[in-house]
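Keeping the supplied structure of chain A fixed, place chain B upon it in accordance with the hints.
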Amino acid sequence: MQRFINILGVVVIAGLASVGVAAAASLGIGTGQLAAGNAAVTGCTSSSLTATRNVDNSGNVTQVNVQAVPQACAGEIVAVTLENSAHASLGSASAIVGACTGGCTVPVTGFGTVSAANVTAYALSLTQ
Amino acid sequence: MRRFRLTPFRLAAAILAASFASAGVAYAANLGLSSSKLHAWSQTLTKGTCNQTSATADDTYVQQASPNSTAGATDTNLTIGGAAGSQDYAFIRFDLSGCGLPTTAGADNATLTLTVTTKSNDTISLFPVYSGWSSSTLSWNGLGGLTIGPTATTAFVPSNPGALTVTVTADVDAAIKAGTLWGWELRDTSGTAVATVGSSENNAAGKRPSMTLSYEQ
Chain A
0 MQRFINILGV
10 VVIAGLASVG
20 VAAAASLGIG
30 TGQLAAGNAA
40 VTGCTSSSLT
50 ATRNVDNSGN
60 VTQVNVQAVP
70 QACAGEIVAV
80 TLENSAHASL
90 GSASAIVGAC
100 TGGCTVPVTG
110 FGTVSAANVT
120 AYALSLTQ
Chain B
0 MRRFRLTPFR
10 LAAAILAASF
20 ASAGVAYAAN
30 LGLSSSKLHA
40 WSQTLTKGTC
50 NQTSATADDT
60 YVQQASPNST
70 AGATDTNLTI
80 GGAAGSQDYA
90 FIRFDLSGCG
100 LPTTAGADNA
110 TLTLTVTTKS
120 NDTISLFPVY
130 SGWSSSTLSW
140 NGLGGLTIGP
150 TATTAFVPSN
160 PGALTVTVTA
170 DVDAAIKAGT
180 LWGWELRDTS
190 GTAVATVGSS
200 ENNAAGKRPS
210 MTLSYEQ
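Which chain is which? The protein sequence lines are A and B, in order.
Residues in the first sequence are numbered consecutively from 0, following numbering that gives the first Met the number 0.
Residues in the second sequence are numbered consecutively from 0, following numbering that gives the first Met the number 0.
The following block holds chain A by itself, in its conformation from the complex (with noise of 0.2 Å):
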């Protein structure tokens, strides 16, 4: 009875184990690095790039332009949100960086109808 039992706990604990590791894999949890705000991580860039805005002429934003990202970053995504002098947010909207030769220029539009007036600051993002 007893080799039973540790025959089936040996059995169970593997089992769980199986599982767990299992459902990391599936999940995307691996020993990647995670980091937020201005903190800097491996990654394409460590630089903090530059942003400019084009307008209609009512003075909403129609596109915002992120300068300069190295063709390192080809295909990830860089998220723009528009902030107001509260840092709030007054539109976001992301975009997939294309290959280019160089430092890439990537346009982001669809922040909807948001007056240039009141943006105050631009919160941006690279992720793989």
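From the structure, some residues in chain A lie toward chain B, with a derived Cβ separation under 8 Å:
{"hint": "1", "residue": "R52"}
{"hint": "2", "residue": "V54"}
{"hint": "3", "residue": "V118"}
{"hint": "4", "residue": "S124"}
From the derived model, a few chain A residues whose C-beta atoms are all more than 10 Å from chain B:
{"hint": "5", "residue": "L89"}
{"hint": "6", "residue": "A92"}
{"hint": "7", "residue": "S93"}
{"hint": "8", "residue": "G101"}
Worth flagging that the hints you see were computed from the coordinates, not collected in a lab.
From the three backbone atoms N, C-alpha and C, an ideal C-beta is built for every residue, glycine too.
Showing chain B alone in chain A's frame:
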């Protein structure tokens, strides 16, 4: 060496520990944690104004009936319109170099103020100019050397004498990014009447062209 005995109690504890581990994995996934790398930063914008007066303006008009003449240096009004074969086009620009804006800056809002000195009921359209010109040299025959946008930015009807404003934000924003504002061509796009607006040489300072500019950088 003492042999490890797996008792029912120990088995239950091991199963419980493994369950907590699995729950932890699921919870981490639920929080959106993954192996993706994220680089985040922010960019703060500075707001300002740089209003323009006749001191920073250049303007003129060209005459189809006098294709080699230059009228901008002295005339106190700019003529716009006229019958086919004798059209007049006006040109107005401002020198933004005194604003000290980099090409990464942009216009939040820009309005052009003109004073109608001779009214008409025709529509006058503003077309952006993308190449250099000077009131001392520009004539009708020189128009072919200019690069002018094919689409009007805005339009107005000078139906009453006095000041009127038109919004030119998109053109000024683009000009800041290009480095120079070459202004607008004002053209009658609906009829044959003649209208005039005060020029930068007008004796009354209040009738001269001006522009308000709110910007970010």
